[in-house]
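Model the full structure from these sequences, guided by the hints.
Protein chains: 2
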Amino acid sequence: MGKKMLIAQGGGPTPVINASLAGVILEAKRHGVQAIAGIGGIEGVIQERFYDLSALSEIDILRLKNTPSSGIGSGRYKVKEEDYPRIRDVLDKHRIDYFFYNGGNDSMDTCNKVSQIAGETRVIGVAKTIDNDLALTDHCPGFGSAARYAAVTVKELGLDVRALPIHAVIIEIMGRNAGWLAASTALARDEYLSAPHLIYLPERPFIEEKFYDDVNAAQQKYGTGIVIAVSEGLTGENGKTVADSGMVDGFGHTIPGGVAQTLSTMLLQKGIKSRSEKPGLVGRVSGFLVSETDREEAFETGKRSFMAAWEGVTGFMVGFTRLSADPYKIKYELFPLSEVANEEKLIPDSMIMPDGNDVNNEFVAYAKPLIGGMVPKYFTIPYAKEFL
Amino acid sequence: MGKKMLIAQGGGPTPVINASLAGVILEAKRHGVQAIAGIGGIEGVIQERFYDLSALSEIDILRLKNTPSSGIGSGRYKVKEEDYPRIRDVLDKHRIDYFFYNGGNDSMDTCNKVSQIAGETRVIGVAKTIDNDLALTDHCPGFGSAARYAAVTVKELGLDVRALPIHAVIIEIMGRNAGWLAASTALARDEYLSAPHLIYLPERPFIEEKFYDDVNAAQQKYGTGIVIAVSEGLTGENGKTVADSGMVDGFGHTIPGGVAQTLSTMLLQKGIKSRSEKPGLVGRVSGFLVSETDREEAFETGKRSFMAAWEGVTGFMVGFTRLSADPYKIKYELFPLSEVANEEKLIPDSMIMPDGNDVNNEFVAYAKPLIGGMVPKYFTIPYAKEFL
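Residue numbers (the numbering used here), protein chains in the order written: chain C, 922 to 1309; chain S, 922 to 1309.
Keep in mind the hints are simulated off the structure, nothing from the lab.
Every value quoted in this text rests on a predicted model; they were computed, and no experiment measured them.
Just so you know, not all the hints are guaranteed correct.
What the hints assert, rightly or not - DMTMM-like, lysine to aspartate or glutamate: derived pairs with alpha carbons at most 20 Å apart:
| hint | chain 1 | residue 1 | chain 2 | residue 2 |
| --- | --- | --- | --- | --- |
| 1 | S | Lys1298 | C | Glu1265 |
| 2 | C | Lys1306 | S | Asp973 |
| 3 | S | Lys1298 | C | Glu979 |
| 4 | S | Lys1306 | C | Glu979 |
| 5 | C | Lys1298 | S | Glu1002 |
| 6 | S | Lys1034 | S | Glu1002 |
Here you go:
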């Protein structure tokens, strides 16, 4: 009898999560393994909402590779202890030889627990998260593309405020506890454009008085038109998120809400003209600003995840170890899910400027190769800044 | 003695306003006319903040053509009656043969008044506005690119909520009085993706009770995950903007603030899970989602504006008359500034659905050729919607 694999996707979509999915099912197809999707995350597995992916042609699979967002549906269901026996039953009942769970932190925790009760089924975690906060791996599939989006977007905002320098523009970037994405806006800078002028990360407590001082200093130096990048999960010294939506998600995590607008209102109340932008979900599904490096790594991660399971591995996640930053060189490596599960990798202190309102060159050297090529260098007419 | 031209840009940047600037100065260069920029809008003219563009090579000018935002700085200064004699003095003092003002509604009004007092100087308005609300012309340079951004962004949000259908996502689209841009999100739809599920325009009063009914009906039909596009200038039956920032700009226009967040909060208070996104300024300076049709038309508009002035025309604006929608065919035409000035072209009733929460095929046929090619058709796995 032929072998079968089951795959599900968990948590927020990314621009390249389907590249990993495509990698897994392409290898399955090539090895004669029937690929089945659990639709809508782990809940789809529990409830046997299955879709047979075998009908997809190789061309379909390659189109899927280039489609942002989670192609088989995702979910935010928090698995309960009593769900694990049920998951085991489902895997047994359908004689699943290989189970893949394609997700971030919470999903790797779930995946680890499934691996411990899965019996004969081999279980592999397929990493994805725009937040870049998974432990052990150098970086995570999905991060490079969302970072590219953040950097390009802030560069273009920089062009806008250069042209019309009438306000401080605050842009909210995804990231609850880890500021990797907000930090990536530093990649927008070149010799012509200085945006972002300030970057606030959840790794540092947000202090209102210091914020006003920072903004005043930046406007003294660069003029009225400045761009400020802030992580959505920005937290005060009291440990509370600066902009709390008052809601929690299925995992009990607070859903942050509108930090950019909150900060913008703070500035307006101090008489500093300001406005806020929040691309929000757009930044995690932009197909136009995908990092090709990220997409190929995500695809390769999927393929290697299948191959690991095929070769007998279980309870591991495929990740990256960086061999060299310039030229950029990584090797793929298997990390134990038990060590990855529910650890959060924050930006190390060594990458954050002492003032806590920017990142340094160590961060830039780390992140630059991941975004898959340069952020565009736009042509700017070198008129004197005093003119505006 | 050689001839001289002066150009300034007014109002909000667009992704292709520099294509028009490039068109004007390229023709000037080819005709041996010295091109000077007034930096930072009409105020730059009044204050003689001049920059000599003659030093730009043709290659620089073509790079400028591909750079979003206003390359010579823009402004929101409202010209006072007493400024016009001063403008006349500046034009005389510097012996300006041709004056170009590259802007939207307010700028065309200013340009019209300048043309009436400019003496020997020939004055041409170079149309630009993402809002598409200039009178007489079929459409405006800048609109097609911002419309492409809006449509692609909503399509990608549609992929996100298809994958994770846990909320109604409200996206705020620029547009104060005219809903052309919000309406353009209708171009996101194809046979696989139904987003946006609702579109709210400033051309119709916003009625809270009807909004809840609309959202309920859409969620009944499409599931929990829906995308709602709203114009930033959405206004209630009482004539007040739904989300008033409490601020006015230099022209006395109210600055709308956060309508998507306001609507999202309304839904949350009714127990409907919702979140809001606001790309804001990002949508008017995205270099990645430029419509090539729009960019070429903006460039050609610039060239023809110069040629009109060169050939003796004054007090006119170059615009478009549509000869055919499919195949798309326009002709360039000169419209009198006196007729364009301060008129606002709203979406005609014939393009809006009777329910006021969508646009019809007449709108789609109008807007489709302007966005410069198809919005991408992403590959979606056809699992049953009931699975999610």
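Status of each hint after checking the structure:
Between the alpha carbons of lysine 1298 of chain S and glutamate 1265 of chain C the distance comes to roughly 36 Å, so the proposed pair goes past 20 Å and is violated. Taken as a hint, the lysine 1306 of chain C and aspartate 973 of chain S pair is honoured in the structure, with Cα atoms around 15 Å apart against an allowance of 20 Å. The suggested pairing of lysine 1298 of chain S with glutamate 979 of chain C holds, with an alpha-carbon distance near 18 Å, which does not exceed 20 Å. A C-alpha spacing of about 24 Å is found between lysine 1306 of chain S and glutamate 979 of chain C, which places the hinted pair above 20 Å, so the restraint is violated.
The suggested pairing of lysine 1298 of chain C with glutamate 1002 of chain S is violated, with an alpha-carbon distance near 41 Å, which exceeds 20 Å. Between lysine 1034 of chain S and glutamate 1002 of chain S the alpha-carbon distance is near 9 Å, which keeps this suggested pair within the 20 Å criterion.
When held up to the earlier numbered hints, the structure conflicts with 1, 4 and 5 and fits the remainder.
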